[in-house]
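There are 6 protein chains.
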Amino acid sequence: MYFHDKRLQYPVQVTTPDPLFARQLQQAIGGIEGEIRVCLQYFFQAWGARAKDHKFRDMLLHTATEEIGHIEMLATAVALNLQNAPLTLQETAAQANPVVNAVMGGERPRHMVEGMLHQHLLSSGLAAMPVNSDGIPFDCSHIYASGNLAADMYANVTAEATGRTLAVRLYNAAHDPGMKDMLSFLIARDTMHQQQWLAAIEEMGGPAVLPIPDSFDQSLEKQEFSYVYMGTEASGMSPPEGRFNTGPSIDGKGTFSTMQSIPMGAEPMLGPARDGSGAQRKQMDDPSAP
Amino acid sequence: MYFHDKRLQYPVQVTTPDPLFARQLQQAIGGIEGEIRVCLQYFFQAWGARAKDHKFRDMLLHTATEEIGHIEMLATAVALNLQNAPLTLQETAAQANPVVNAVMGGERPRHMVEGMLHQHLLSSGLAAMPVNSDGIPFDCSHIYASGNLAADMYANVTAEATGRTLAVRLYNAAHDPGMKDMLSFLIARDTMHQQQWLAAIEEMGGPAVLPIPDSFDQSLEKQEFSYVYMGTEASGMSPPEGRFNTGPSIDGKGTFSTMQSIPMGAEPMLGPARDGSGAQRKQMDDPSAP
Amino acid sequence: MYFHDKRLQYPVQVTTPDPLFARQLQQAIGGIEGEIRVCLQYFFQAWGARAKDHKFRDMLLHTATEEIGHIEMLATAVALNLQNAPLTLQETAAQANPVVNAVMGGERPRHMVEGMLHQHLLSSGLAAMPVNSDGIPFDCSHIYASGNLAADMYANVTAEATGRTLAVRLYNAAHDPGMKDMLSFLIARDTMHQQQWLAAIEEMGGPAVLPIPDSFDQSLEKQEFSYVYMGTEASGMSPPEGRFNTGPSIDGKGTFSTMQSIPMGAEPMLGPARDGSGAQRKQMDDPSAP
Amino acid sequence: MYFHDKRLQYPVQVTTPDPLFARQLQQAIGGIEGEIRVCLQYFFQAWGARAKDHKFRDMLLHTATEEIGHIEMLATAVALNLQNAPLTLQETAAQANPVVNAVMGGERPRHMVEGMLHQHLLSSGLAAMPVNSDGIPFDCSHIYASGNLAADMYANVTAEATGRTLAVRLYNAAHDPGMKDMLSFLIARDTMHQQQWLAAIEEMGGPAVLPIPDSFDQSLEKQEFSYVYMGTEASGMSPPEGRFNTGPSIDGKGTFSTMQSIPMGAEPMLGPARDGSGAQRKQMDDPSAP
Amino acid sequence: MYFHDKRLQYPVQVTTPDPLFARQLQQAIGGIEGEIRVCLQYFFQAWGARAKDHKFRDMLLHTATEEIGHIEMLATAVALNLQNAPLTLQETAAQANPVVNAVMGGERPRHMVEGMLHQHLLSSGLAAMPVNSDGIPFDCSHIYASGNLAADMYANVTAEATGRTLAVRLYNAAHDPGMKDMLSFLIARDTMHQQQWLAAIEEMGGPAVLPIPDSFDQSLEKQEFSYVYMGTEASGMSPPEGRFNTGPSIDGKGTFSTMQSIPMGAEPMLGPARDGSGAQRKQMDDPSAP
Amino acid sequence: MYFHDKRLQYPVQVTTPDPLFARQLQQAIGGIEGEIRVCLQYFFQAWGARAKDHKFRDMLLHTATEEIGHIEMLATAVALNLQNAPLTLQETAAQANPVVNAVMGGERPRHMVEGMLHQHLLSSGLAAMPVNSDGIPFDCSHIYASGNLAADMYANVTAEATGRTLAVRLYNAAHDPGMKDMLSFLIARDTMHQQQWLAAIEEMGGPAVLPIPDSFDQSLEKQEFSYVYMGTEASGMSPPEGRFNTGPSIDGKGTFSTMQSIPMGAEPMLGPARDGSGAQRKQMDDPSAP
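So the sequence lines, in the order shown, correspond to chains G, R, Y, B, H and P.
Going by full-length UniProt numbering, the letters in the first sequence line up with residues 1 to 290, in that order.
Going by full-length UniProt numbering, the letters in the second sequence line up with residues 1 to 290, in that order.
Going by full-length UniProt numbering, the letters in the third sequence line up with residues 1 to 290, in that order.
Going by full-length UniProt numbering, the letters in the fourth sequence line up with residues 1 to 290, in that order.
Going by full-length UniProt numbering, the letters in the fifth sequence line up with residues 1 to 290, in that order.
Going by full-length UniProt numbering, the letters in the sixth sequence line up with residues 1 to 290, in that order.
Bound conformation, chain G alone (with noise of 0.2 angstroms):
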């Protein structure tokens, strides 16, 4: 079960609301690659996580719950970024406020809103939103648990390649100070949680966890295509040559090698449409039936 302070993990502070960074930031609230989506997926994976030792488990736990936090201090910034924006369409640059001055420089705010995610303004009475950029609201199926631990170890270093790398983008967008300062804390955050999700595949046995899952046996699969790169330029021209055709496997299992690819299987012959359907006569056994 779980608590909250009414503080946040680390300060928050806006002094020149920008509607259009507000926007931006809604890209790491209900962004693919945002933080209600590790929130949630480092929550799924620990709750469903089976296993003799309960290590992952609560290891998941922590960083998870630490992650509502950062959604806290994100929807706290886009909320703060919001403060002042236009609300009219018609307003000239000399009736605008301001801190809406400062940001467009004497420009009408009627610019401002068009920059403006719409639903800002009109759904949400300028807070954030669990929405990206371009307003699209965040999605569960983007929680990545799969019941395999090493999958999802995977998975998890991808959502904070991804989720720093956005965060990176944000910080050279930004103008703000207090908002530069916000995402090099959030920057760093992801940093550790890169090494922590890689840091738990070694734990796990680094490259034995692979081929992942690492309880299929082996010998069940079609073995001679299990480390062959396959070229499909149809001029049959070799593809590039790369570690990943050359050398061993990463798993120590095999030897990279490339084939161009070719037919093996028969043209797929799927017959006539049944009776009763709904195709087209034409599609079954007798078309002069009725």
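There could be a bad hint or two in this list.
Treat identical chains as interchangeable: a pair holds within one or across any two.
What the hints assert, rightly or not - Calculated pairs, DSSO-like style, for lysine-lysine (alpha carbon to alpha carbon, straight line, at most 30 angstroms):
| id | residue 1 | residue 2 |
| --- | --- | --- |
| 1 | K55 | K253 |
| 2 | K253 | K6 |
| 3 | K222 | K253 |
| 4 | K180 | K6 |
| 5 | K253 | K52 |
| 6 | K222 | K6 |
No lab work stands behind these hints, which were simulated from the structure alone.
Given chain G's structure and the hints, the job is docking chains R, Y, B, H and P onto it.
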């Protein structure tokens, strides 16, 4: 640009069609772990790959092109498994065709309809659809192509790890020898593809790709939090010990440590709602105003 | 604006309620081939119809309004079919009510729950929902209203062709005489609506509406590719011959021919990633920079 | 920021695991009436609450934090119910494990798979997912946080009213005493939460919060239509009489009355399509132009 | 069944077309607070209303039918506002038509395109779509019809409270007198509809409808938690005091109190993963097995 | 199975990169009228085509394969248009690079960011995504493959009619000669594809394919309603006259006529809610029960 051959990459045969297995195979077509996802993911990563050398673009194109053929194999398998599915709800076992009986063991076809993906019967005319095993259409927000090739390679490892986990589960559930054979091929290809993307990370420099993106100057992040595992247990009890909070970090640039989370920020203060923002009067500065 | 009459457009009666058939009927309500789709599609086409004469707007409004009544009929049919659905998982056949037994042939009600749309039981209290037979909510991206009336008429033919195909499949699956009767009416209306939209195309000029949109000056398109069927078989083998690559084109403005696809463009060159774009250093111009 | 305790808020025990009930419980996790929804809804309302006093923000944070623990309880219950689910399609009853038999009464495990959420077996490795009982992922467009606290309180009453209705249906469907006990706790919490949000409306002023938002000057609305029930029966027959069209209005600011709807506007005239807008030539001003 | 009249329920006039306002109006059509939602919500509640007396069904049908006319008014308003939207990206202000200039104040039409919903230009041919102001299509999971009429009435109050809040925001943003007039009518209708659903709750018994559903025997819920506000502050500090935790409960069946949340359950124990479930070997009972 | 060639089907060149046009091109990639849709639609129709002769399957495969190359061309065009997009919000026009200035005419880059698809900057690193011009990901429910080849051909005509309409709008909006050239090729291919699917209908028998499906015995439909245009005007005024309600029907099997809609059914009677179904007590048979 692209070319095709009418034949399949690998043989697809079904001896005992089973509409319930057709439904399960859908997960490998339109599930988030499925083949539409990897196919389009590798294509979009290739088409957007920015770099001086084109090796990664080329490598991705070969594998993306191979994956179209995997969707094709699975779509064929679904259609073959649906060949004799019951079309009505009230047929008796006696009326049902022999192949249905082979799978059902003499029970009423109605049971088989109960287990089917209903869209197979009603929407596709007994053929594959780009949906998962519960009928949810694939949605392209799952095409991860971040513009950062290292992040993308981890996304690809994840896709192939969850993909092989799914293929193994389907292999275990399957009862038809043709289906087991087809899956043993797809499992082998997933083995290779896991290896391939990990090899690509090695080719990019291995741990040197970390933290992702490696183009952000780490002196700008709050480095005192970059290698710290944060505990959130309310009792203050220490988190479990593991590779993820002891020893050198995986990127070799820090040393893991542990600390208990504490609020470093203040309670957020958003202040009153603005006039004209659609809030309740009581949320505003002057609640007595009209 | 709109009016209603409490009575249904056509009688809806259910003698033997069947929750599995209730589930199948959902496809005709909230499926992409269903009635919510055509209803809203015709309304949005009407409300946005731009033209000097209002005939098409008027024609669309009549049919859109009729379709509300079809959703109503189907929603009523779903509710009637759910009337006696089992509410628990462990009732025995003996405890179950007689109507359940009539459909189930003495088996345990648990089987019937297994086949139900679970949201019928848990979310709607045994009534219709705006979802398809696998529970996916209808989403208005399927309302096709392009601003081009000819394109819209073809979209409508498609909707009624897939709609009638679905209605026929439901008719074939149904066992209740009341349901067969209701569907025989809806099938007839789909027959008419297919005719109606094709007649509208004829009224607009038949083949002269082509290519759609007809307001684009064809001399601006690369006309050497306007009536050519392109083959993509890797072996270079010719594509099948048919009406689609022989003889005069359907619009009478060209002659069909066939050619093998070849690359006319170059390999795309995106060049290195920019500094500050969140890519890996190796994707950039100067990989050695910090 | 947030903290956790490894223990559950309330005991969760399952004596007879039942994968069909696991599926039904999913509605309470990822359904629109479920716990992810209320949890994130209360958080986003709290994080965006604008007002001079912070009481509502604080009140929301406590309950939002409690709700994380409810998702956790339900996720645990789902995993426990899936513990012994069949993994294959062809196991016979004799091969099946005893617990499966306890629920299935000796029937083939295939039947149990037919009733399962297929993603439980194929995607999550027999654990909970953030989806509803038909497998649809939760999508954050259902997080209602309007920036108007009175509107939000009614949204919360709605969420807890549909949530308790769902919990009651699950209680009625359940057969395991541990599950009934867990649900009796969640039902009690839903009782409280309904009360709590209604009490919050009372604290804001009760009927004085109406009409929502109360910060819009009612003299600007067309007040002759503000308390009139409009009938749309084509026959002109009067609508039913009730509290909703007789007596003083609930907000005390008007008197209910009834009128038959009539068109007060004209037929809309959009005029011809513009050149270059992609319409058909016939929709344009000069249909004979090229 | 249903009928129409070509004329609008209320006049819709636009003097200065503004494509940015067209975009904002979309929220009132396809947003979750919009008119498609209430229209279909009231219809599905009516069509599924189970009760001995039909008053609620009848009441709902009248208002649902009225709402179709509201979508029609708004769709007309969007089309009129898009009448002169720029079709190209490079037109200069001098080339632009005078009406565009009236809104833009002499700036380049490109700016206007930047603020537009792009689908208005590219997909609908300058007409309304069933999407919100950021282009997200309406999705019918927002049609709340729970089978419990009291819960549904609260859902309707919520819909009209958020709907009126939105209409007020649009009124404040609007600059065209015709648009302000139309919105003043819609705001009045939202006032009435809020009243109407609250009156329906009063007619059902007022507080006696609580807790919803009132058909569940409250002695079966854990009543010691039914009227308790639970605090989750980690420091143990008491939650704020308010009507929601002091005095008699709103339903008159209990007395509010406050307690600090504590774990009453144990740490969940899922145990090892099963063989054949696709987990890692280390998650299983016998990690050394092949 | 499939092969590729690194070169593009047709040249793609961009002289003046424009991130706003990049955004508009996205509609042709991930919009419902776009190339991912037709590509996957033709593939799924081919892979599921049931018929004695394989001509349609073959025909579909060639064109599906061609369409992959169209997505590739457009993805390349998007990336090229994003090449110089501004990465920050506060750059001045003076700091901006010359190419940005060429498009912006000396205005602040901030304006350009306002018009961008934000995910281009934040999520894809300035590359194409499988989303539409407002950022909505493509979702595979738009892959129409009904199992009825005639219905599918009309779906394909629709896709190419809306697709060409979109391409024409993009051509009109474009300012770069390379983009106009690329679009002139894609428009030509859309011309052909419209023709091709209409030719396929002719090959199937032209009007004889109607009504779709033609395998349903028309004597089973309520034929008195099969060729009747139904008017719904409340005043009883006749609907407009046109080809759609006069003369022989298009399929030659009936004669069009007109009638005013009237209710033929009764008012639906659902009866009271059942005990244990979660309704309010008042909806049940015995409201006084506990």
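Here's how the hints hold up against the structure:
When the C-alpha separation of K55 and K253 is checked against a cutoff of 30 angstroms, the pair qualifies both within a copy, at 29 angstroms, and between copies, at 25 angstroms. For a Cα distance limit of 30 angstroms, the shortest separation of K253 from K6 qualifies neither inside one copy, at 52 angstroms, nor across copies, at 32 angstroms. In this assembly of identical chains, K222 and K253 lie within 30 angstroms of each other by CA distance solely inside one copy; the values are 14 angstroms within and 41 angstroms between copies. In this assembly of identical chains, the alpha carbons of K180 and K6 lie at most 30 angstroms apart only when taken from the same copy (23 angstroms versus 35 angstroms across copies).
Taking identical chains as interchangeable, the C-alpha atoms of K253 and K52 lie at most 30 angstroms apart only when both belong to the same chain, with a minimum of 27 angstroms there against 33 angstroms between chains. For a Cα distance limit of 30 angstroms, the shortest separation of K222 from K6 across copies, 23 angstroms, qualifies, whereas the shortest one inside one copy, 57 angstroms, does not.
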